[in-house]
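Peer 1: Listed below, chain by chain, are the residues.
There are 4 protein chains.
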Amino acid sequence: MQITAQARGVYVIAPTPFTADGALDLASIDRLVAFYDESGVAGATVLGQLGEAAKLEHAEALQVASRFIQRARTPIIVGVTAPGFAAMRALARDAMDAGAAGVMIAPPNTLRTDDQIVAYYAQAAAAVGADVPFVIQDYPLTFSVVMTSSVIRRIVNDNPSCVMLKHEDWPGLEKISALREWQRKGEMRPISILCGNGGLFLDFEIERGADGAMTGYCFPDVLVELVRLAQQGQRERAHDLFDAHLPLLRYEQQPGVGLAVRKYVLMRRGLLASDAQRKPASAMSARAREEVDYLLARLARVDARARLDA
Amino acid sequence: MQITAQARGVYVIAPTPFTADGALDLASIDRLVAFYDESGVAGATVLGQLGEAAKLEHAEALQVASRFIQRARTPIIVGVTAPGFAAMRALARDAMDAGAAGVMIAPPNTLRTDDQIVAYYAQAAAAVGADVPFVIQDYPLTFSVVMTSSVIRRIVNDNPSCVMLKHEDWPGLEKISALREWQRKGEMRPISILCGNGGLFLDFEIERGADGAMTGYCFPDVLVELVRLAQQGQRERAHDLFDAHLPLLRYEQQPGVGLAVRKYVLMRRGLLASDAQRKPASAMSARAREEVDYLLARLARVDARARLDA
Amino acid sequence: MQITAQARGVYVIAPTPFTADGALDLASIDRLVAFYDESGVAGATVLGQLGEAAKLEHAEALQVASRFIQRARTPIIVGVTAPGFAAMRALARDAMDAGAAGVMIAPPNTLRTDDQIVAYYAQAAAAVGADVPFVIQDYPLTFSVVMTSSVIRRIVNDNPSCVMLKHEDWPGLEKISALREWQRKGEMRPISILCGNGGLFLDFEIERGADGAMTGYCFPDVLVELVRLAQQGQRERAHDLFDAHLPLLRYEQQPGVGLAVRKYVLMRRGLLASDAQRKPASAMSARAREEVDYLLARLARVDARARLDA
Amino acid sequence: MQITAQARGVYVIAPTPFTADGALDLASIDRLVAFYDESGVAGATVLGQLGEAAKLEHAEALQVASRFIQRARTPIIVGVTAPGFAAMRALARDAMDAGAAGVMIAPPNTLRTDDQIVAYYAQAAAAVGADVPFVIQDYPLTFSVVMTSSVIRRIVNDNPSCVMLKHEDWPGLEKISALREWQRKGEMRPISILCGNGGLFLDFEIERGADGAMTGYCFPDVLVELVRLAQQGQRERAHDLFDAHLPLLRYEQQPGVGLAVRKYVLMRRGLLASDAQRKPASAMSARAREEVDYLLARLARVDARARLDA
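Chains as they are written, first to last, in the working numbering: chain A, 1 to 310; chain B, 1001 to 1310; chain C, 2001 to 2310; chain D, 3001 to 3310.
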C-alpha cells in the first residue's frame, strides 16, 4: 500500500508519544492510531518536524514508525529528512522494509538557488530509491528554503517517484492555483497536494484545489470533517467549522511552542498518556495552559468534541 | 506632544495612499486621519514597513509625515529605519522638526549577536538625538533579528529615550510576561508595549500586560474597541469580538500580499480613493479579492462595520 | 563618458576620506584621484560598500561623487544600492547629472529565488532609467544573495543597460569560464567582467577571461601592473607580483576590519590625511597595526612601493 | 588518552578516503595515519565537515573512526555534529567506546541569540556525557552561527568537559587575544585554541596565542613545521614558510570545491589512492586541476615537499 498522486483527505502529522521519563510510549501510539482510524483520516505521517525525530536514535525511530505501520489501517508516510543522504537512505530503506507507504523529504536550509533545490531532490530521490514514493515538504517559514511554483514543477516532472506536495508556503494560496493550472494544461504531472502550516488557511486551500490536509492540529477529526465539507462544496458549513476552531488552531500554530500545545490538548483528549517531550523541549507556562483551557472552553460551546474533562 | 512610556491604546499603522498613477494622494490621508480620530485611536505610525517608505524619496516621505502630523489630533510616530545612520538621522531630524511625536527604528537584518543588537540601538539613539523618543521594532519574522527579552531590557535600560516596544515576536506572549515581571521587580524601566504582528494574538496580549496595539489591520476601529474591552476586563466580549474578526485578520496577516488586502479593504470602506501601491507591488488575484469579499460578507453578519457597499 | 561592455583594466574601489572629526576630506579625494590617474587605473567606483555610503546623507554622497567626477580623467561609477527604488532613483539621477559614467547595484539580502533576483534587476534598471549603464554586484559573502551563472545571463540578456559584472563570488573561477563560454556561443551578450573579493583570486581570474579588477586593495598601482602582466600573458611575472602581495591582500580582505586596514595603509602611503571612519566604525587594535606594519616591511623587500616612512 | 585543555600542535583534519566506486578505502586511511605520525602531528580529527561525515551511515562512520583510532599513535577527535542529540549521543558513545580522545561539536545553523548558543552547548555536553571532552567549533562562515568571545567564555566556564576551541571565525585574531586576556585575568578557564579556517591566518594566530592548528591543508607536515617555528619565536622563518604556501592554501580554502583540491593534492602526494568523493560531490574542472598543478610547480621551487611526480 503505497501513496500515489491520487491521495486525498487528511494525512495527520503524528506526534511521538513519550512517558514522563522520556521513554517511548507505545500504548499511546496505539491509542492515537485507533483514534485516527475512527476519525476517518486517510493516513498519517510520522517522524516529521513535530514528531521529535531528531531526538530519536535510528532504532527508536524505526520502532515508532513500525508501530504506527502495524497498527494503522491506513498508509503511513515516514519523514526521512536528514543532513546527509546516507542517513536518509538508511532510514528510508528500513522504513519501507517495515511497510511504510512513502517518505517525506524536507530540504536542508542551506539551499538557495533554484538549481540547488532541484538538484537536491534529484539526489534525494536517487538516495531513497527510484521505487519509493516521496513527498516534497515546502515549508519556507521553518526551513528557510523558498521554492517557486516553477521549482516544484521541475521536481515533479523530473522525478516520477514524487507523488505529493506537503504545501505549507505562506502565503500559499496562489501557489496551489498555479500548480493546478499547470496540471490542467498538461505542463505538470498531477500530484496530490496536502496542506500543512497548521491548517491556518485550510478553509480556502481546499477551495483552491488542494486534495486535503497534512497537519497535526490537535483535532484531526475536525480536519477530516472540514475537508469533506469543503470538497462537497458546503462552503458555509466548512467555514463555520473552520472559524470555530481558528482561535485554537492559531494558538497552536506558534513556532516552537506549538508542539507543547498540541501534546497538551491530545493529553487532555485522553489520547496521550503524557504531554512530555524529550529534551530539548519547548514548554508551556501555567499561563499558557490557562489560555489553552480557556480557548477549549469557548470552543466547547459550539463543538462537542472540545468538551473535555478538566 | 511626544510619546512617552505611558502610551496606551491603539497606534494605527497607516498606509501611504497613492492615486492609480502612483502620485501621493493627500486627500486620502486626510480621510484616513479623520477616520482614525473618530475611531478613538491614540496615535498613528507612518512610513513603517507597510507604509511603502522605501518607495518614497526623502521629500515625499517628509510630505506624507507632515500631512499626517498637521491633520491628526493625536501623536504621529515616524518610521526612520534606514540602512545607514545618516539617512536615519536626516529623516528623524526633519520629521521631528515637522512635529512628529517620536520615531520607530527596526534593526538591519545583518545583526546577529546580543551585543550587536544592543550596540546598534545605542548608535541609532545617538544618531536620531538623545532627546527624540524612539520605539524598538521587534519583528523577527520580517527582520530576521532575534531579540531576547534580556536584550530588550538592556536597550531600555541603556537608552532613556527608548519609550516604547512595538512587540511582534512570534511566539511572543511569554516575552510580554517576562518584561512586565522585570518592570515589577524594578529591573527594567517601564515602557509602553504595543503589539503588532497583524494583531494575531492581540486577544491574549492585552491580558498579558500589553498597553495596546500598533498594527494596521483594516478595522482599526475594531482594534480600539477590542483593546478597551480587554483593558476593562471584559474578557468574553473581547474574545467574541476578536474571534469574529480573526478569519479576516488572519487573511490580512500574510507576508507580502497583506498590504494589498489591507488597502483593498480600506478602499472598500471608502477611506482610500484607490488601493494602488507604488511598484514593486504585491498584487491580489481576482480569486483573492473574491475570498476577501467573502470574509467581509461573513463578518458583516455579526459586525455592522463590515457591511460595505459592493 | 559612460562605461560600456568593453571596459577593461582596473576600476579602483575608492574609500570616502574623512577628517579625524568626521568631516568630508575633499583634499584627500583630490590626492587619491591624482594617484589613481598616475597609476593608470581605467576608472574608479565610489560610494560602494567600502565607501561608507550608508554614513553619508544624500547631499554629502552627491558631493563626494561629484568631486571624484570633476577631478578624475577616467570614468567614475557610483554605487546606488538602496533599500528602495526611490532612493536608488534619486541618487542615480543626481549622480548621472553630475557626470557619472554608470551606476552599481547590489541586491537586497532578502532575495532568494532566481526569479526574485531577475525581477529585482529589471525593476532597478527601470528605476535608474534605461539609458543609465549599470553594474551587477555579485557578492554573496556580503549580500547573502546567490546568483547562478544562469541568473546573471538572464539579467544581462533582459537588460540592455547592464554592461558590467562586479564578480566577487567565492568560489568564482568557474563562473567566469561559464559566462565567457556563453558569450563565445552567442548565448549571452558580451559584458565587462571586473573582479572584486579583495583581489584574492585575481591571479587566475584574469587568466580565466576577466577584463580586470574592481577592488580597493591599498596598492591599486600593483593591481594595474598585475592585470597588465596577466593580459600580456606574462604568467610567471604576474604570479610573482601577486604572490608577493598576497599576505597583505589576504590580511586586508577580512570582513569588517578590512576597511580599517585599507585606510591605514592609504594613510601611510600619504594618500589619505587620516584613516578615520565615520561611526559606526571597525577599528584596528595596536596589535593589528603592528601586524600590518610587519607585512608592509616584509613586502618592501621585494616591492619598492611598500617602502613607507614609519 | 583523552584530549585536554593543554593540547598543542597540529590536529590535522582528516578526509575520509573512498575508492573510485565509493567504497571506504581503509588502506588509504592507514597510509594517511602513517604519514601524519611521521609528520609529527599531535592528533587528528575525523568525520568533520570535510570528512564527508554526512555521506556515511552510522556503521561506516564508526568504522572510519575506529580505523584511525587503531592505527594512530596520537589522539583522534571524532566529529559528532548532528541535527539531533540522539544521533549525537549515539555516535559519541560509540566513538568513545572505540577509543576516541574526544568529540567535536558544531552548532546547528538555526541558533541566533547568545542564550540559544550557550543552551545548545549545555545540552550537547549533557548528551555526549559529562566525562567526554569536547571541542567547540566556531566557524560562522559555514555554520552561520556567530559566537562572541563572551559566549565562548560562558560555554567554557559552564562546561568542565569543554577543553578546546576550533577557532575559525573570520576575522578572528582579536578573538584569540580577548580569550587569552580573560585566561590571564582568571576570568576564563584555560582551554586549548587550535585554528582552522584552512590556515589562512595561521601565521599571526600562533603569535596571538593560539596553541596550534586544526585544519586539513594538504601539507600537514608544513603546518607542523610552521607551528613549531612560530612557537619558537622564529618569526621570519615562520612567515617565509607561510607565505610560500599561501597561494595554494588560499586556493584550497574555497568553500565547496576546497575538498576536491585537498583530495587531489593528497592523491598526487601518494597518500590517497583516489581523490573520489561520495555523491553529492564538488568537482574540479580540468582547468582547476591545471591551476593547482601550476601552484604546486611554483611551490616546488622553494619547498621540496611540493615536488610531486606528474
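These are computed hints drawn from the structure, not numbers from a lab.
For every residue, glycine included, the Cβ atom is placed at its ideal position computed from N, Cα and C.
Errors might be hidden in some of the hints.
Unchecked claim - Partial selection, computed: residues in chain A whose CB lies under 10 Å from chain B:
#, residue
1, L173
2, D243
3, A288
Peer 1: Does each hint fit the structure? Answer for all of them.
Peer 2: Do the hints match the structure? See the list:
{"no.": "1", "hint": "L173", "in the structure": "7 Å, holds"}
{"no.": "2", "hint": "D243", "in the structure": "5 Å, holds"}
{"no.": "3", "hint": "A288", "in the structure": "7 Å, holds"}
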